[in-house]
Amino acid sequence: MAQRIIIASGVEIRDTRQQFDLETVLNTRAHRLPSGKWVFPAPPATARFEIVNVFTSADFRAALEEDKAWVVYSGHSRYGQGPAFGPARTPHCPTAASMPTNPWGEHFRMGWDATDTECVGDILEHGVDPVEFDITAPPAGVELPGALVRASARAREVERQRRRGRLSRYQRAHPCSIVGAWRELRVCHAAVASTASLRPSTPLQDRHYYRQSKVDGHDEFLTAVNAGHADLDRVALNCSVLFMGSCSSRVHYRHALLKHRRAQRATCTFFLTSHVNTASHAATFVDAALNSVDPTTRRGAARMVRLLNRQPDPGTVTVERP
Amino acid sequence: MVEPRLIEQVLDSPPGRDVVSSPITQAVLLRDPESAGQLVGYLGSFGNRRRNALAVLPFYDERALAPLLQACAEQPPAVKVLVIPALYSILHELPPSRIKVLCGAASDLLPALLDEHAVVLPERDLPVEVDFIGRVCDDAFIVLTVLLEPDADLSIFRSASEAERDAGIKRFMQGLPGAAIA
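Quick note, the sequences are listed as chains A and B, same order. The numbering of the first sequence is my numbering, which starts it at 1 and goes up by one. The numbering of the second sequence is my numbering, which starts it at 1 and goes up by one.
Only chain B is shown next, with the shape it has when bound in the complex:
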């Protein structure tokens, strides 16, 4: 855990400052995976703190997976959805076999995302062609599948009913190493 004072020193950096390069980020935050979970707590705020927390999260390594997911458990859907791109960023350089082991080790924490059925609409009110209205759990499942099975055809999942998608997510969880889900 990192002292909140240090975290907030980074997060209060004004726009235009590269917070990832900051000495505190490099020497303290990114070396302490637990601090990733602490940053999640700031995603529900506004302005600099939120923007800077978002900016740092993708730069953690795999050790941050569990703290990130643990921190998500108490957060609203609008915060959980922000963590999904960071998950891909953190894990994507690892081989699928390693990612599977990590997901298995975090299988009791993944429900923070994979059990979240709320839909979070895009933040920015801009023209967008919504070809799939994904719930938080759907978007998380899609990204985890991209990491674990890059060649998987996700159009089937996207076209399925919510009940079918729930079943697919449950099968995914049951297929993780060390899964204890009935």
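Isolated chain A, as found in the complex:
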């Protein structure tokens, strides 16, 4: 039976150079059937590989549940909110008229219970409206990345000082200046809070932030949003390989993936990235597979890591074998 490789191409990345490189590998090395799948080698030879390219969250989920499948996610990490899928040529901020449901805000949940994201670079840029996570009142038992644990501790300390009347006179007069405090954008940066997205919407109007910085010369505000792993929890992890080729996938998704694999006693090998990356990972993975690199074996996984990491900007791919 042919080894199935399923490439899940996410919103925007499905329209970029990474997708072009993937399709080039598929169209030059494999044979496309009328059904849209690719097989290798070409008929009449018996196919050793069957490759499909999918573009929806439902198909990504089905891929994870497919027995012994090799699955690659080629898309954005969405700051840890979860893979996002959308139609071809989805704009960076689709209007509500053209897309009532904004694909940038629909995620396959597979990460920490909450994550930090950028108010301007993400929420306003894409016109999304994620549910805010109040770092001053984290629910008991919630699992957060260390960065948010630290931010929460600082924000709660500020609130404690405030309740006890222990803020300095300056801090009481300038609450927006308190580093690490959970502050309202509309109070501290009214112009930013009232900025409309292209949807149009004003997703920052009721939002809080805990850190301000400069990114590409503009002011950026870090906030916390709900994320979770509800979709991963519902998956029977039957695939043999999952390569999350998105940016910094290790820091966003490793924890939930390892926990789920342990709970299911699954034997899926994970490939995860350490940094931002622009490499054509799906194309390289498929090319290596067709060259008989088996990522499910120790030797094959090591070879796959080396092949993936020899591209420019690979984001340093790491491997987690079962």
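If you're looking for bench data, these hints aren't it; they were derived computationally from the structure. The model shown is predicted, which means the values in this text are computed figures rather than measured ones. Among the clues, some could well be false.
Claimed, not checked - Estimated spans, in silico, between C-beta atoms of each pair:
#, chain 1, residue 1, chain 2, residue 2, range
1, A, Pro100, B, Pro177, 54 to 62 Å
2, A, Glu159, B, Pro15, 53 to 61 Å
3, B, Glu34, A, Lys68, 41 to 49 Å
4, A, Pro91, B, Leu121, 18 to 26 Å
For every residue, glycine included, the Cβ atom is placed at its ideal position computed from N, Cα and C.
Following the hints, complete the assembly by docking chain B onto the known chain A.
This is chain B only, laid out in the frame that chain A set:
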């Protein structure tokens, strides 16, 4: 050391040729760890030589760690950042205890990466969500931590200020076996 003529014979291979499988690579380059350092010298070039040097580097073994780091010392940040994925590739199959010993033995060479404060942006101008703008030293530290402490929560490091990250990197260096850093 390998004769530059031999190295360049490999590096001048045209696109589509598997340079890792080439007899010179297998029988000469990969058996001579010093040649890893020589390949670093070609990462600052363009075209075939750069691409092929990048293609071979991840296939060295642990003996190439010191030559790689030594060669990085004289290179610009844009070259140093290219070596980081190769470091992971070379070391990742070893147990953390062995990696720690190797890093300790190379502790005087690690500053080539861990003291490099420049930011190198992605080469390809493609849509990317930059959730952490790492300096070369940050990216190197992250990869070394992944190798030595796979369960470490690196989100804390990523969210820290540059001064805090510098302090974390210094503590890392001080914690290596045989470290001589004050």
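Do the hints match the structure? See the list:
no.	hint	result
1	A/Pro100 with B/Pro177: 54 to 62 Å	holds, 60 Å
2	A/Glu159 with B/Pro15: 53 to 61 Å	holds, 59 Å
3	B/Glu34 with A/Lys68: 41 to 49 Å	holds, 42 Å
4	A/Pro91 with B/Leu121: 18 to 26 Å	holds, 24 Å
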